[in-house]
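Peer 1: Sequence:
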Amino acid sequence: MSDMIQIYKKRSFKRLITLLVLLIFFYVMQDMINLMLLTFVFTYLIHSISKHLIQEFDGKIRINYKFMVVIVSLLLTSVIFIILIDFLPMVIKQLTQVIMQVHELYGNLGHNEITNLIKERLDKVYSTIFSAEGINYIMHSITNISRLGINIIISLVLSIFFLIQKDEIMQFTHKFKNSKINILYEEIEFFGKKFVFSFGKVIEVQIVIAIINGVLSTIGLSIIGFPHLLGFGVMVMLLGLIPVAGVIVSLVPLSIVAFNNGGLPHVFYVLGLIALLHAFEAYILNPKLMSSKTKLPIFYTLVILLVSEHIAGVWGLIIGIPVFMFILDVVGISYGNNKND
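Letter by letter, the sequence shown follows residues 2 to 342 of our numbering.
A few of these clues could be false.
[Unchecked claim] Here are the simulated DSS-like cross-link-like pairs (lysine-lysine), alpha carbons at most 30 Å apart as the crow flies:
| id | residue 1 | residue 2 |
| --- | --- | --- |
| 1 | Lys-194 | Lys-178 |
| 2 | Lys-194 | Lys-181 |
| 3 | Lys-67 | Lys-195 |
| 4 | Lys-167 | Lys-294 |
[Unchecked claim] Between beta-carbon pairs, the in silico distance windows are:
| id | residue 1 | residue 2 | range |
| --- | --- | --- | --- |
| 5 | Glu-190 | Ile-334 | 17 to 23 Å |
| 6 | Val-197 | Leu-21 | 19 to 25 Å |
| 7 | Lys-194 | Met-33 | 19 to 25 Å |
| 8 | Leu-277 | Leu-54 | 30 to 36 Å |
Treat the hints as calculated values from the structure; they're not laboratory data.
Glycine residues also receive a C-beta, built at the ideal position from the N, C-alpha and C atoms.
Could you build the full structure based on these sequences and the hints that come with them?
Peer 2: What follows is the structure, given as structure tokens:
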């Protein structure tokens, strides 16, 4: 009995129980994982930019942190809305033109073996699209895109309120340390600090990757002969910060404009460009930057990214390294020059 009591009192046992509680919580709240991660991304992004700007102006002009957070948030929101206002009507117009071109082509086809085969294929495509399964798929896709947009707005609002009231929130949260659940609070605080530290490194890498993606995409699209290069480059860069469906969402307007400007060859060029950029990011840029930032060997970094992407999809590329570093911290293994607490 005394041995059992000693086990219960061990910190490792408490942390194991706390970790299980957190895993159960995140499993129950899995539908809100996207919102949580997006909120963290926006919070870290706005906080980092605000701190950097305050340091840049230090000694020249004194700027309040909350004021800078509001300014950066407004700028970020303005960029998102400008892209939507500028590009959404253009994409809708281009999509309408594409549909009219396909309809006109379908109506002007002659009557021979090749055109009959094309009509037969188009009929199958139309029947598939307008079948119950096709309509359900379209509605599901629209719902997912709408949900992503709503999550972005909510997470942005949550990030702004959190940063503006950061001191008050930390002061209130600290009260749990002296409450009846202080043991649980201390362990969650331990896990939280470890995860935020490692996750912050990954977000820094993701920001660098998004900027590089935006620049390379602009260069690639200019070679293809795309219009509105600056806007599309900014769009790809911002969507690069959103790992969930970011690439797919960017492909939709790019493919529509490509088809309207150069037909199917340009669509294939765009698909090839995005595929190359994604491969470059996933298998070269991401492992190299992650390795240099986290002080992990490149081999370990690449294996972790491959396994985590296989298990958790695109989000795995974001949370895989933090989870691994988190496990190393918990079990007491040091990495690089980091010292264990």
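Peer 1: Compare the structure with each hint and give your call.
Peer 2: Going through the hints against the structure:
no.: 1; hint: Lys-194 to Lys-178; in the structure: holds (15 Å)
no.: 2; hint: Lys-194 to Lys-181; in the structure: holds (21 Å)
no.: 3; hint: Lys-67 to Lys-195; in the structure: holds (26 Å)
no.: 4; hint: Lys-167 to Lys-294; in the structure: holds (27 Å)
no.: 5; hint: Glu-190 to Ile-334: 17 to 23 Å; in the structure: holds (21 Å)
no.: 6; hint: Val-197 to Leu-21: 19 to 25 Å; in the structure: holds (20 Å)
no.: 7; hint: Lys-194 to Met-33: 19 to 25 Å; in the structure: holds (22 Å)
no.: 8; hint: Leu-277 to Leu-54: 30 to 36 Å; in the structure: holds (34 Å)
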